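There are 2 protein chains.
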Amino acid sequence: MSGPGNEALRIGDVAKLAGTTPRTIRYYEELGLLPQAPERPSGGHRLYSPEEVERLREVMRLKELLGVSLQELKDLLAAEEARAAVRAELQREDVHPERRRELLLQAQGHIDRQLELVEHRAAELAKLREELLSTRGRVRERLRELDALAPA
Amino acid sequence: MSGPGNEALRIGDVAKLAGTTPRTIRYYEELGLLPQAPERPSGGHRLYSPEEVERLREVMRLKELLGVSLQELKDLLAAEEARAAVRAELQREDVHPERRRELLLQAQGHIDRQLELVEHRAAELAKLREELLSTRGRVRERLRELDALAPA
DNA sequence: CCTCATCCTTACGTTCACGTCAACTTCACA
DNA sequence: TGTGAAGTTGACGTGAACGTAAGGATGAGG
Chain R
1 MSGPGNEALR
11 IGDVAKLAGT
21 TPRTIRYYEE
31 LGLLPQAPER
41 PSGGHRLYSP
51 EEVERLREVM
61 RLKELLGVSL
71 QELKDLLAAE
81 EARAAVRAEL
91 QREDVHPERR
101 RELLLQAQGH
111 IDRQLELVEH
121 RAAELAKLRE
131 ELLSTRGRVR
141 ERLRELDALA
151 PA
Chain E
1001 MSGPGNEALR
1011 IGDVAKLAGT
1021 TPRTIRYYEE
1031 LGLLPQAPER
1041 PSGGHRLYSP
1051 EEVERLREVM
1061 RLKELLGVSL
1071 QELKDLLAAE
1081 EARAAVRAEL
1091 QREDVHPERR
1101 RELLLQAQGH
1111 IDRQLELVEH
1121 RAAELAKLRE
1131 ELLSTRGRVR
1141 ERLRELDALA
1151 PA
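First to last, the protein sequences are chains R and E.
Under my numbering, the final residue of the first sequence carries the number 152; numbering is consecutive throughout.
Under my numbering, the final residue of the second sequence carries the number 1152; numbering is consecutive throughout.
The hints are simulated quantities; they were obtained by calculation from the structure and are not laboratory data.
Note that the structure is predicted; figures quoted are calculated from it, not measured.
Every residue gets a Cβ at the ideal spot worked out from N, C-alpha and C, and that includes glycine.
Take these hints with a grain of salt, some might be off.
As the list claims (entries may be wrong) - Below, in silico cross-link-like pairs of lysine-lysine (DSSO-like), each with a Cα-Cα straight-line distance of 30 Å or less: (1) E:1063 x R:63; (2) R:74 x E:1127; (3) R:16 x E:1016; (4) R:74 x R:127; (5) E:1127 x E:1063; (6) R:16 x R:74; (7) E:1127 x R:63.
Stated by the list, open to error - These stretches of chain E come out as covered by chain R in the derived footprint (C-beta under 8 Å, 3 or more residues): (8) 1016-1029; (9) 1043-1056; (10) 1109-1119; (11) 1122-1132; (12) 1138-1144.
Please build the complete structure, drawing on both the sequences and the hints.
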């Protein structure tokens, strides 16, 4: 059985797959951005699953798009971390509805927090985009005027 | 005659108006992000017009929204710089239409470059926003299910 | 089993984007 | 005309986010 989904990746592979370096991965782990993968079977080498690669990419993506510090990002991801735990707990059927509700509300709060950040930035960017488009429109119009008078 | 529009601002005033520090302003000037205001009447103090404040705010805004290094930002603003010069030159009527055309095309190129950057980021952010909204939707649904079974 | 690429930790180095301090000059105002 | 706040140019300091080098352990292929 060598089906896909259970390959054990080494840190160098992960780095290449995510487009970064081993150093950065260790650094993120040190900061708590990535789980400290306490599984170091026999040797001290870190091993990763493809899911971990996705997680890393997501971290890099958020860093890029939200433009926050790694510390702030850590807080934002604590949210995601919590959501993972929540999902795990919610999987089981035997959770008190009261507890379920609490967990879901908590998850919602985390998501809303991220959404707020994202929407704020998105709005600002949209505004900037509109301004640029408008300016470009004016330039184009002037070019057309010019063409009308003295065509190439 | 003390009408608005010709107040001479000092670097500290500018800093407060733009929400930053004198140090940053000097640093930006040193990097070439702000024009080196060669006008230092008698004393060596920098003087600014309200327009310069706007310029500074714009720089800060772009830095924040585009998340680029100050060097890259400088290149992007060389564009804007050029546009300012272009606008000045275009104001005059006695410019060869050929030259006008050239200037306008150049300006258009600069704008398009900025637009490309902005639209790329905006698209990425929009994608992220959609994902978050979708996730939130699922959470909400689960909450509604819960409410239906065991209302508060 | 040997070897060599890859990994480990530790630690110091580097770049960016400023902060801060020193020594001095200039401006605003009583 | 003094005097305190604000400005000037160096210069060095700093936090974030890694890069890089040292010295040694580990793992995969021949």
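*Are the Cα atoms of residue 74 of chain R and residue 1127 of chain E separated by 30 Å or less?*
21 Å, holds
_So if I understand the rule, the pair passes when the alpha-carbon distance is 30 Å or less; does residue 16 of chain R with residue 1016 of chain E pass?_
45 Å, violated
*Is the Cα-Cα distance between residue 16 of chain R and residue 74 of chain R 30 Å or less?*
Given that 30 Å is the threshold and the Cα spacing comes to 23 Å, the pair holds.
*Are at least 3 residues of the segment 1122-1132 of chain E within less than 8 Å of chain R when you compare beta carbons?*
holds (count 7)
_Stated coverage of the segment 1043-1056 of chain E by chain R [criterion: 3+ residues, CB within 8 Å]_ = Answer violated; 0 residues pass the 8 Å Cβ test.
_Given coverage of the segment 1016-1029 of chain E by chain R, tested with a Cβ cutoff of 8 Å and a minimum of 3 residues_ = With 0 residues in contact (Cβ-Cβ under 8 Å with chain R), the coverage given for the segment 1016-1029 of chain E is violated.
*Taking only the CA atoms, is the gap from residue 1127 of chain E to residue 1063 of chain E under or equal to 30 Å?*
The given pair, whose Cα atoms are some 22 Å apart, holds under the 30 Å limit.
_Hinted pair, alpha-carbon criterion (30 Å max): residue 74 of chain R, residue 127 of chain R. Please report holds or violated._
Distance ~28 Å between residue 74 of chain R and residue 127 of chain R Cα, so the pair holds.
*asked:* Hint check: residue 1127 of chain E vs residue 63 of chain R, CA-CA at most 30 Å. Holds or violated?
replied: 15 Å, holds
*Does residue 63 of chain R lie within 30 Å of residue 1063 of chain E when you go C-alpha to C-alpha?*
Answer holds: residue 1063 of chain E to residue 63 of chain R is near 15 Å, not above 30 Å.
_Per-stretch coverage check for the segment 1109-1119 of chain E, three Cβ contacts closer than 8 Å to chain R_ = holds (count 6)
*At a Cβ distance under 8 Å, does chain R reach at least three residues of the segment 1138-1144 of chain E?*
holds (count 4)
Of the numbered hints given earlier, the model fails hints 3, 8, 9; all others are met.
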